[in-house]
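Trainee: Put chains B and C on the given structure of chain A with help from the hints.
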Amino acid sequence: MNEIADILASAGLWSAVLRIATPLIFGTLGALLCERAGVLNLGIEGIMTFGAMVGWLAVYNGADLWTGVLVAALCGGAFGALHAGLTVTLGLSQHVSGLGVTLFSASFSYYIFRLLVPVSGTPPTVEPFQPIAIPGLSDLPFVGPALFTQTTPTYLAIVLVIVLGYLVFKTPMGLAIRMTGENPHAAEAQGVNPIVIRYGCVIFGSALMAIGGSFLTLSAFNSFFPTMVQGRGWICIALVVFAMWRPSRALLGALLFAFFDAFQFRLQTVLSGVVPYQVFLMIPYILSIAALAFMARRARVPQALMQPFRRGER
Amino acid sequence: MTELALDIAHVSKRFGDTLANDDISLTLNRGEIVALLGENGAGKTTLMNILFGHYVPDEGSVKVMGRALPPGKPRAAIAAGVGMVHQHFSLAPNLTVLENVMTGTQSIWSVSSDTGGARDKLLGIAERFGLAVDPDARLGDLSVGEQQRVEILKALFNDAQVLVLDEPTAVLTNIEAERMFATLRDMAQQGLSLIFISHKLDEVMATADRIVVLRNGQAVAERAVGETNAAELAELMVGRQVARPVRAPSTPGALALEARAVTLRHEGVERLKAIHFQLHEGEVLGIIGVSGNGQASLAQLLGGTAAHAEGTLSLFGNEITDWHVVDAIEAGFARIPEDRNHEGVVGEMAIWENAILERLPAFSRKGLVDRKAAIAFADEIIGAFDVRGAAANRRISMLSGGNMQKMILGRNLIEPKRVLLASQPARGLDEGAVAAVHERILEARAQGTAVLLISEDLDEVMALSDRIQAIVGGRLSPSVSADDVDARMLGLMMAGEWPATGNAEASHAV
Amino acid sequence: MRFERREQRSTLMVFAPPLLAVGVSLMLSGVLIALAGAPILEAFGALLNGAFGSRLAITETLTRTAPLILTGLAAATAFRAKLWNIGAEGQLYLGAIVVAAVSSQVLGGLPGYVQIPLLLVAGSVAGMVLLLVPLWMRLRFSVDEVVTTLLLNFVAILFVSMLIDTVLKDPLAFGWPQSVPVADEAMLPRIVSRSRLHVGLLIGILLALVIYFIQSRTVFGIQSRAAGFNASAAKFAGVPLKKTLVLVAMISGGAAGLAGAIEVMGVQGYVTTELSPSFGYSGIVVAMLANLNPIGVIFSALFIAAMFVGADGMSRAMGIPTYIADVTVALSLLSMLVAVFFTQYRVRK
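Protein chains in written order, with the working numbering: chain A, 1 to 314; chain B, 1 to 510; chain C, 1 to 349.
Excised from the complex, chain A in its bound form:
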C-alpha cells in the first residue's frame, strides 16, 4: 500500500483535485442558483458543452482568453433564457424542457464546431490559461505547488463560492430568491416578482454553467471535441442535492468528487492489469447516485422546485 501513500503525498494529486473540481464548482453553483429560485435546469449538460465549444472557438479565432469566457457566459445565458421561457413563462415540465435544451445546445455546438473547424488529423489547439503562482503562498513546501499554482478561473471559482454564499444568505436579493424557490406566492405577496427572479437566476446560473464548460477547453485542456463534458452536468445536478442547496457545501462536494476522480486516475496506473480501468471511471457516477440516496431524505428541497408559478393560480 506504499503506492497509495505515495499518491496521497504527491502535490500533483492535490493540484489536480482543484483543476478537476473547477468546472464542477461552476456547474453546481449555476444549477444551485436555478434551483434556489425553483427551477430545475437539466439543460446544464448541453450548456456546458456549448460553453466549452464557443469559448474555445472565440479564442481560436483570435479573441483573448477572457473574451472567450465572456462569450461562453453570454451564450449560456441565452440558453438559460430559452429554458426560462419554456418553464417560467409557459410553465412547461422542467424535466422535459431541460432535456430539450440539453439536446439542442449540445448538438448545436457540435454542428457549429464541425462547420467552422474542418476535420483534421490533429485537433486544432489554443494557448490556454497558464497557472499563476500566488506570490509567497506558492513557495510553501507541498501546499504551494498543490494549492496555489492554479489558473485564474480556478481562483475565480473559489471566490465565486464565497460571493454566491454571501448573495444567497446575506442579501435581500438572496432572500427574495430563496423565498421564490420556497413559496413564490408568498414572495409575490411581499412585493417580490417571482417571474423576474426566476428569469434572472436561470439566465445567470446558465451563464455559470457555460463558464464551467469553457474551463475544460481554455484551461484544463486546449482543444474541443464532442462528448468531452462526459456527464459532468448531471453530476453537478446530483452535487446540488449533496450540497443541500448551499454554495459552501457545493465547494466541498465538488472537491470530494474531484479528489476521488484524481485519486482513481492515479490508482489506475498502480492497479492496472488487476482491476479494469472502467471500474474507476464508474466511481464518480456511482458516488453521485449514492450521495443522492443518502441525502434525499435529509435535504430540505426548495418547496417550490419544479412548481410552475402562475399568478392567481394556487
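If you are wondering where the hints come from, they were derived from the structure by calculation, not from laboratory data.
Since the structure is predicted, the reported quantities are computational estimates derived from the model, not experimental observations.
Hints are supplied without guarantee of correctness; some may be wrong.
[Claimed, not checked] Residues on chain B that point at chain C, a partial pick, calculated with CB under 7 Å:
(1) D322
(2) V325
(3) V346
(4) L357
(5) E358
[Claimed, not checked] Just a sample of chain C residues kept apart from chain A, beta carbon distances all over 12 Å, derived:
(6) A36
(7) G53
(8) I58
(9) V106
(10) A122
(11) T166
(12) G175
(13) S193
(14) L206
(15) M250
The C-beta atom is built at its ideal place from N, Cα and C for all residues, glycine as well.
Mentor: Leaving out everything else, chains B and C in the frame of chain A:
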C-alpha cells in the same frame, strides 16, 4: 371625532352574471375591530380582494387614512398600511421566522441585509403586542398557532395600520384562539384597526366592537356588539326562512353506517375528534359546516383513502375503520368526491373509461377490459342520468360540470346501492343541474339507500336531509331533525354552539 | 399577458402539434443550412434522397427506425405514468451485452428458434432490472429518477466497455474492444434480402401495437394511464399506484433492453461502445413527438430515423455536418413542447 382608518364607499363588482359586491359601504375607525360576517359566497373575499388591489371594482372607492387608494395596485395598498393575514398562510416552512418576515422589505439591490435592524424591529413589535416568537426558528418547526403569529407579525412589520384577518381561528385550538383574541383586543387598544372575517358567532361577539353582515353581495345589517346577540346574527347571516321542499317522509330502515368515537390524525393534527353518528337505510343525514372543518377527512375515511383512524366505524355491523377503496367498492358503497376534477374524473380519458375505472374487476376478464360491456354501461348511464353532450368514446373533459357530475352520480347509482357518500355533490353547478343531482339523491333514498351528505350549502342540506349534524373543527354536533330546525338553530350549530352534552350517547340519539 | 386553460380541444389539435413541430424544426434547420452556405432546397432534396431515394436508403432508414420505435416506446410508456425514465440508453446497452453474453456463454449451439426468443427475453429483462433500481430508489428514498437514470447510463456503458475489454472480449478482433459475437443461429432473419433490414422492425411495430392494446384494453393499462394523468383520481378509484409504477417500469425498461437486443442480433452481431448513436436519448424525442401515443411512436421514429440517415446523405452531397440531424431533432422536441402547450392554453390579454 374618531379618525376614520378605512372608508370603503359604494363598492360594486360584477363577475359575469353574478353581482359579487352590490354597493357595499364599510367604515373602520382607528382602534376599532369590525367583524365581517357572512356565509360562503356572500362577497367577503371579493370585497377584501378589492381592498388589497387584487381586483378593480366596477364602482366605488377605497380610502385608507383619508387617502384614496389607486384601484388594482396591491403594492399601493401595502404601502398605505393595509395588511392581510390569510387563512391559508403565505409562508415558507424552510426559512426562519425572521427571513419570512423580512422578505421584500429591503431594497433588492442593497449589498447586505440589515438583519440586525430587522431583528430588533421584529422583537420590538413582538414585545409590544405580546406575540412572542423566536426569530431564528425554522418556520416549519413551529406549531400552527405560532405560524399564525408570524403571519400577523409579517403584516405589522410592514407598518400595517389596518389589519384584515381572514378566519384567524379556523386552524387554531381553543386555547390558541383565546390568546389570539386577547392579542387582537390589545392591538386595537394600541391604535391598530382590524377587520376580522369569521363564521363563528361566539368569537365575533367576544372580540368585535361592531359587526357587519354580508349576504348575497350586499351589506344587509350593521350592529354594535352591545345591541345584538348570537341568535339574531345567525338569522341575519342566513337571512331567509329556511323552508323545506315537500317530499315523501323517510322510512328509516336498518342501521347502515355508524361511527363511534372516531378520531383521525393527519400529519400530527387531529382532523376528526371523536365523532359519533348513525345512519340508517332510507334516510339522508346531512353534515353541514363551513369547509375546512374536517369534511375532507371524513370523506377520505369513509371513501377508503385515509390512513389509520381510531375508534370504530362499522357498516351493517362489520368494522370498516381501516378499509380501502377496493373494500368500499366491493361493499356497494357509492362515493361522490368533493372535487370532481381533482378526484372524480381523469379528464384526459374517455367517458367509458371513467365510468368503469373504480369497478374494473367487474368489467374485465383475465385482465382484459370488456370494452363492449363498458361502453354499454356508459351509454346506459348517459341515458338513465340524462348526461347531455356525451358519447361513451369522447373525453370526459368535454362535458360541462353538471353533466360530468351526472356521470359520476350515474356510475355510482345506476344500480341500487346500500350506502351513498355524497361530498358537496352540487358545488359549482347551475340550477338545472343542481335540481337533477338532488332528484337522484332523493331517488336513491326512496330506494332504501343510506345517504351521508356532506355539504356547506344550507339550502342543499335542508332540501335533502332528514337529520342534520354540524361539523366544526373536526367535531360533530348531536343530530337534529330537519323538520324541527330553523335558521337560527342552524346558524348556531355551524358556529360551533350546541349544548355540551359531555355524554357521547346523547349525540347519537336519533 | 396570461394563459388560460382551454376547456375543450378539437380533434385537429391532436394531430396539429407534431406536424407543426416537424415543420418549424425543418424551417429552423433550413436557416442553419443557409448559414453553412448551402442552397436550402437542394440540401433538403439531398436529405430526402438520402433517406428514401433508393432501395438501400429506404432499408437503411427502416433499419434505424426499429430501435427508435423501441426506445420511443420505453419513454412513452414511462412518461405516460409520470415515471421519468431518461435511462433508455443504458438499458439498451445492458440489454445488448446480456444478449451477447447469454448467446455466447449459455445458449451456444442451440437452434435459432430456441435461442432468438430466449435472447430477446434476456435483453428485455436486463433493461427492466436497470430501471427497477432507480424506481426502487424513488419509492424507498424519494430520489428523483431523472438524475439516477441519467447517471446509470454512464455506469451501464462503462460496464459494457469493461466486459468487452475483459471476459467478453472477442479474441479474434485483433485487439479491438468488441464483444464475442452472438451465434449465427441467433441472428435475426432479414426482411429484405441484400439489406440490413431485419425483423426487429416488425418486433418494434408489434410491440407498439401490443402496448397500445395494453393501454387501451387491459385493466393495468387503464389504471396506469389514470395514474399518470391524475394520480389523486386514480387513488380515489382504488388504483394501486406503486404496483402500477413497477409494472410500467418493467415495460419501459424491457422495451429499451429489447432495442439493445435487436441491434446486436439484427445489425452488428456483437457489442461495441458505439452500438447506439444515442438511440436512448432520441427515444425521448420520439415519444414526445408522438404525444406519448404508442402508435404515433412508429411514425415519429420513422421521421427521426429519416432525419439521421438523410443527414448522412446530405452531408456527403453538400458538405453540411451530419450534426444537423441532431439539431433538427432537438428543435422538433422543443417546438413540440410549445405546440402542445398552445393546444392546452390560449393567450388572454
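Trainee: Does each hint fit the structure? Answer for all of them.
Mentor: Outcome of the hint check:
1. D322: 15 Å, violated
2. V325: 3 Å, holds
3. V346: Holds. Min distance 5 Å.
4. L357: 4 Å, holds
5. E358: Constraint on E358/B satisfied, holds at 4 Å.
6. A36: Given a closest Cβ separation of 5 Å, the condition is violated.
7. G53: The assertion about G53/C holds, with a minimum of 23 Å to chain A.
8. I58: 25 Å, holds
9. V106: At roughly 22 Å from the nearest Cβ of chain A, V106/C sits farther out than 12 Å, so the non-interface label holds.
10. A122: 22 Å, holds
11. T166: Violated, since 6 Å does not exceed 12 Å.
12. G175: Fine: 15 Å to the nearest Cβ keeps G175/C off the interface.
13. S193: It holds; S193/C is separated from chain A by about 35 Å at its closest Cβ, greater than 12 Å.
14. L206: 27 Å, holds
15. M250: 21 Å, holds
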